[in-house]
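Sequence lines, in order, name chains G and S.
Positions 14 to 175 (our numbering) are the ones given, in order, by the first sequence.
Positions 429 to 589 (our numbering) are the ones given, in order, by the second sequence.
Calculated from the structure, these hints are not laboratory results.
Quick caveat: nothing in here was measured; it's all calculated off a predicted structure.
Check before you lean on any hint, since a few could be wrong.
[Stated by the list, open to error] With a Cα cut of at most 30 angstroms, we get these calculated DSS-like pairs of lysine-lysine:
| no. | chain 1 | residue 1 | chain 2 | residue 2 |
| --- | --- | --- | --- | --- |
| 1 | G | K66 | S | K552 |
| 2 | G | K128 | S | K554 |
| 3 | S | K585 | S | K574 |
| 4 | S | K554 | G | K66 |
| 5 | G | K128 | S | K430 |
| 6 | S | K568 | G | K128 |
| 7 | S | K561 | S | K580 |
| 8 | S | K580 | S | K552 |
| 9 | S | K574 | G | K66 |
| 10 | S | K450 | S | K430 |
| 11 | S | K481 | S | K450 |
| 12 | G | K128 | S | K470 |
| 13 | S | K568 | S | K554 |
| 14 | S | K481 | S | K435 |
| 15 | S | K552 | S | K568 |
| 16 | S | K568 | S | K585 |
| 17 | G | K66 | S | K580 |
| 18 | G | K128 | S | K561 |
| 19 | S | K468 | S | K430 |
Spelled out from the first residue to the last, the chains are:
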Amino acid sequence: MWSFEENAPIKLRKGCRFYLLAAFLLLFGAFAKPAIATEHVWGCLLYASNSPKAFDLPPRLSGYDVRLRNGLGFSNYRVIAQRETAVGDQHQNLLVSAGEIQVLLTNLSRASDGKYLVGILFLEGTNQVMETQARVGERSPLFIRGPGWREGQIIIVVMVDS
Amino acid sequence: MKTFEEKFNAWLDGLLSGEELKSFESEHPSLHQDKAEFLKLKNLLRDNLGSRKLGNPDFLIRRSWRQVEREIARGGRHSRLLGFPRIALAGIFALCVGFGLFFSMIPRGNLADPGSGYVAEVLKTKTADPKVKATVDNQKDMTIIKLEGLDKLPPDKDLNR
Numbered sequence: 014m015w016s017f018e019e020n021a022p023i024k025l026r027k028g029c030r031f032y033l034l035a036a037f038l039l040l041f042g043a044f045a046k047p048a049i050a051t052e053h054v055w056g057c058l059l060y061a062s063n064s065p066k067a068f069d070l071p072p073r074l075s076g077y078d079v080r081l082r083n084g085l086g087f088s089n090y091r092v093i094a095q096r097e098t099a100v101g102d103q104h105q106n107l108l109v110s111a112g113e114i115q116v117l118l119t120n121l122s123r124a125s126d127g128k129y130l131v132g133i134l135f136l137e138g139t140n141q142v143m144e145t146q147a148r149v150g151e152r153s154p155l156f157i158r159g160p161g162w163r164e165g166q167i168i169i170v171v172m173v174d175s
Numbered sequence: 429m430k431t432f433e434e435k436f437n438a439w440l441d442g443l444l445s446g447e448e449l450k451s452f453e454s455e456h457p458s459l460h461q462d463k464a465e466f467l468k469l470k471n472l473l474r475d476n477l478g479s480r481k482l483g484n485p486d487f488l489i490r491r492s493w494r495q496v497e498r499e500i501a502r503g504g505r506h507s508r509l510l511g512f513p514r515i516a517l518a519g520i521f522a523l524c525v526g527f528g529l530f531f532s533m534i535p536r537g538n539l540a541d542p543g544s545g546y547v548a549e550v551l552k553t554k555t556a557d558p559k560v561k562a563t564v565d566n567q568k569d570m571t572i573i574k575l576e577g578l579d580k581l582p583p584d585k586d587l588n589r
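Required output: the full structure, derived from the provided sequences and hints.
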């Protein structure tokens, strides 16, 4: 025979279990990576020169000034263009462009070790110049020394952001 | 000195006597009718609202005891899970959540050095023009793909568009 006194605690316990389960799901859901994660890739074109006029590197490359000077032989770096792209499911994503220079992201996938496999295509107008596949870590910029321009060189920087 | 209410209650209950009773009744002759109605109501209530003997007086007690026993049995069964007390499991779970939060939310490594944890490994490069050569320069904490043989861009070309 049904009685409120007997059934109420059971109902309360069931309610508590439901809320406990919901809390667990919320907790783990907050830390779970979404099935289709949107990654952000930053592309930048730098003009490297030995001009005496000093320019600041973009904040994402702060700390790389000495390495860039040693690695590329230029003392001054100026941002020509930069762009952050949220990479969805498009086949090709334009990372950055300036004039006829275009840098496209041809593929991006995350490996099991947390690193990213990126495909980069460098074009001048409609001409493909170079295509590369690289394995990069998060916030690890990959530098490409591009064509010469004026007294310096065009440097392409690609970096996967979280 | 007694108030009217005290005297009235005592009079209704038959507790007034002597001079006090005579003076109260002479001061309030109209209250006799009220007393008669009160006594009638009192008798009526006594006849109809008396204590009633229950057919099975232990029923409620037995049912309550059964419920208490069920609660105790259920509580005892659930207080342990997989052989561990629930409180221990809750502690382990809280520790796991704490470590999970620590490792997922707090950045590690040398934050002062932006190159720490640097990974950029070129797997393959391909140039469309055979005159253009791509070489990979793996330096410490910096990887550069150097393209050689590219035509220099015209100096008047506006790259800021």
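**Report entry** Straight-line alpha-carbon gap K128/G to K561/S, limit 30 angstroms
**Finding:** 27 angstroms, holds
Below or equal to 30 angstroms on CA atoms is what counts here, so check K468/S against K430/S. 27 angstroms, holds
query = CA of K568/S to CA of K128/G, is that 30 angstroms or under?
reply = 18 angstroms, holds
Practice problem: Take the C-alpha atoms of K450/S and K430/S, compute the straight-line distance between them, and say whether it is at most 30 angstroms. | Solution: 15 angstroms, holds
Query raised in the report: Quick one, are K128/G and K470/S close enough, alpha carbons at most 30 angstroms?
Result: 92 angstroms, violated
Requested in this report: Measure nothing beyond the straight line between the CA atoms of K481/S and K450/S; if it is 30 angstroms or shorter, mark the hint as holding.
Outcome: 43 angstroms, violated
Just to be careful, I want the Cα atoms of K568/S and K554/S compared with a cutoff of 30 angstroms; is the pair within it? 24 angstroms, holds
#### Entry: Restraint check for K128/G with K554/S, where alpha carbons must lie at most 30 angstroms apart
22 angstroms, holds
If you draw a straight line from the CA of K574/S to the CA of K66/G, is it 30 angstroms or shorter? 25 angstroms, holds
(request) Below or equal to 30 angstroms on CA atoms is what counts here, so check K66/G against K580/S. (result) Given that 30 angstroms is the threshold and the Cα spacing comes to 22 angstroms, the pair holds.
Exercise. Between K481/S and K435/S, is the straight-line Cα distance small enough, at 30 angstroms or below?
Worked result: 37 angstroms, violated
**Message:** Check whether the Cα positions of K585/S and K574/S lie no farther apart than 30 angstroms.
**Reply:** 22 angstroms, holds
Violated hints for the displayed structure, listed by number in ascending order: 1, 4, 5, 11, 12, 14, 16.
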